[in-house]
Amino acid sequence: MRNALTIARREIGAALASPVAYVLFGAFAFLYGYFFADYLQSFVEAGMRMSQMGGFSGGTLNVNTDLLRWLMASTAILVLFLLPLLSMRTVSEEIRSGTMELLLTAPITDGQIVIGKFLAAFALYGGMLALTGLHVGVLFWFSRPEIAPVLAAYLGLLLLGAGLLALGLFFSSLTRNQIVAGLLTFGALLVLWLVEFAGARGGEPGRLLAYLSVTGHMEGFARGVITTRDLVFYLSFAAFWLYLARESVRSRRWRG
Amino acid sequence: MPRQPGDQSLRVPNATESPLLEAAVESLVLVDGVTKCYGKTLAVADLSFGVAKGEVLGFLGPNGAGKTTTMRVITGFMPPSEGRVLVGGQDIAEAPLEVRRRIGYLPENPPLYPEMEVTAFLEFAARLRGVPKGGIRPAVARAIERCALGEAREHIIGKLSRGYRQRVGLAQALVHEPELLVLDEPTAGLDPKQIHETRKLIRILAGERTVVLSTHILPEVAVTCDRVVIIAGGRLRAEDTPESLVARLGAAQRGRGTWEIETAAPANAAEATLRAVPGVVRVEAGPETAERTLVLQVEAAGDRSIATDLARALLEAGCPLYGLRRGGASLEDVFLALTTEEAEANGTGDARGTPKVAEEGS
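Chains as they are written, first to last, in my numbering: chain E, 1 to 256; chain F, 1001 to 1362.
Keep in mind that the hints were calculated from the coordinates and are not lab data.
Remember, predicted model here, so these are calculated numbers, not experimental data.
Treat the hints with caution; some may be incorrect.
[As the list claims (entries may be wrong)] Straight-line distance between alpha carbons at most 20 Å, and here's what the computed SDA-like set of lysine to any residue pairs gives:
#, chain 1, residue 1, chain 2, residue 2
1, F, Lys1133, E, Arg9
2, F, Lys1133, F, Arg1102
3, F, Lys1159, E, Leu16
Go ahead and model the full structure; you've got the sequences and the hints to work with.
The following block contains the structure:
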């Protein structure tokens, strides 16, 4: 574990020393801020319409179910598009610059290298998500949403991110070119996102496709519902790609 | 291609004949029948040699001879396709982490993170190599001092000069006080002054430590190494001290010598005179120097008494004599003799520039 943390620490330092992390954080903050403002405005307008009708519409508005839920689901899509940028350089850059040789001849296992890289990317992602605390905090300041569903949604986002980063890490370990790694990751995630729509056609294959959808499993979390089915999906998804990443690093030894 | 029959004496005994068992007793590193293929390409073929504790071993060969591959196998970067490597009696394949802990490795391109400061990077390297927490700072301070990095301590690695980067590379290789230091082309890409400094540094660092360094630059081996392993085309060609390799080639070329004679321009008179001396096979004039002198390469049969004849003939013809020096066999000749033979024999291997160079060498 110490070895993995050594790698992770260096990795985080490197990311914070390069502009990539800041650009990414900035882009995320901007897009998330836009979503937030947009959803909030719709929510407020809906609330005003409702009060004009004097409560005769029969419905009520709830910050949790009518604002936060949609916000969190949109955040998942945002994460889907932005995380390849975070994961693409992790291993590729080491291969390109030759520092992989340093890691592979150090007294650490291939698994520790992969775990270290993963932890670093995950921590940066955690930092990125923390930016949203500001907006959600505003909601808590002006209204009284339930906290548990919000925490469940964050748990879902973290799990989703873990899966996406593990996948990105694997593609990054395939090539010395981080752009190629990023595009492969992006392509794979696009497929895993679109299967959700393909799955909507129903039938036995449809159900399988729907199960494979990375964002589909986020819906429950966004509503504040934690199911083992979704937990197992994300955890096994991350473990699967991390395993492949380790095997990929190992095979690099044979190929030289 | 004129090739001396005597060159055959330079042929190295097969790996199977070399006293491997004997070597195992005192060796720190034992490379035993290592073969490495990349797909169908054979990079190293059945390579066996030992490295004794405390010695500096030069690993010599033309580009593409399999030097880097061999070093990568020794350092545990990649497993061999066949054969095994023991370091301190431990098989790399069986105890990879323990073995890697004992090794410091500087690859051909120093593995550095350009965005890090020198000190931070060395701390990272120390931690990575398993230096205990309390020992990291002293270890880094020691490495910085040894590699004369004091001034660059807080500089960003990406902004350092090539020479400094090489030193940081060396520092990361020895920060954990390894028993074995493996250096792949440690002087490649440096300017002459930096090369000189790096060689000096390697000699100092060697001390009681064992060093394996690869190079394709010959003088480097003569300057820094106790023993030389020459490989070409992935095969072992020779294994000896630099001196005795030279002596062996010298013996092979007995009865024939080259002489360098410095005289005044123009060349014609001196050339004609020397050609007339009995025993002279070939005379070749070099370019005229700024001081209007020139160096003639004379190849002559017979023993060293011919030097007297050459000098006398020159002086009697009224040519000035500024210098007379025996060319003799250099390590370069040995190297070329060993590495070009292969290319001629089977038409493969590293044959770039071979014809011309081989002629000069023999």
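Structure-based check of each hint:
no.: 1; hint: F:Lys1133 <-> E:Arg9; result: holds (15 Å)
no.: 2; hint: F:Lys1133 <-> F:Arg1102; result: holds (18 Å)
no.: 3; hint: F:Lys1159 <-> E:Leu16; result: holds (18 Å)
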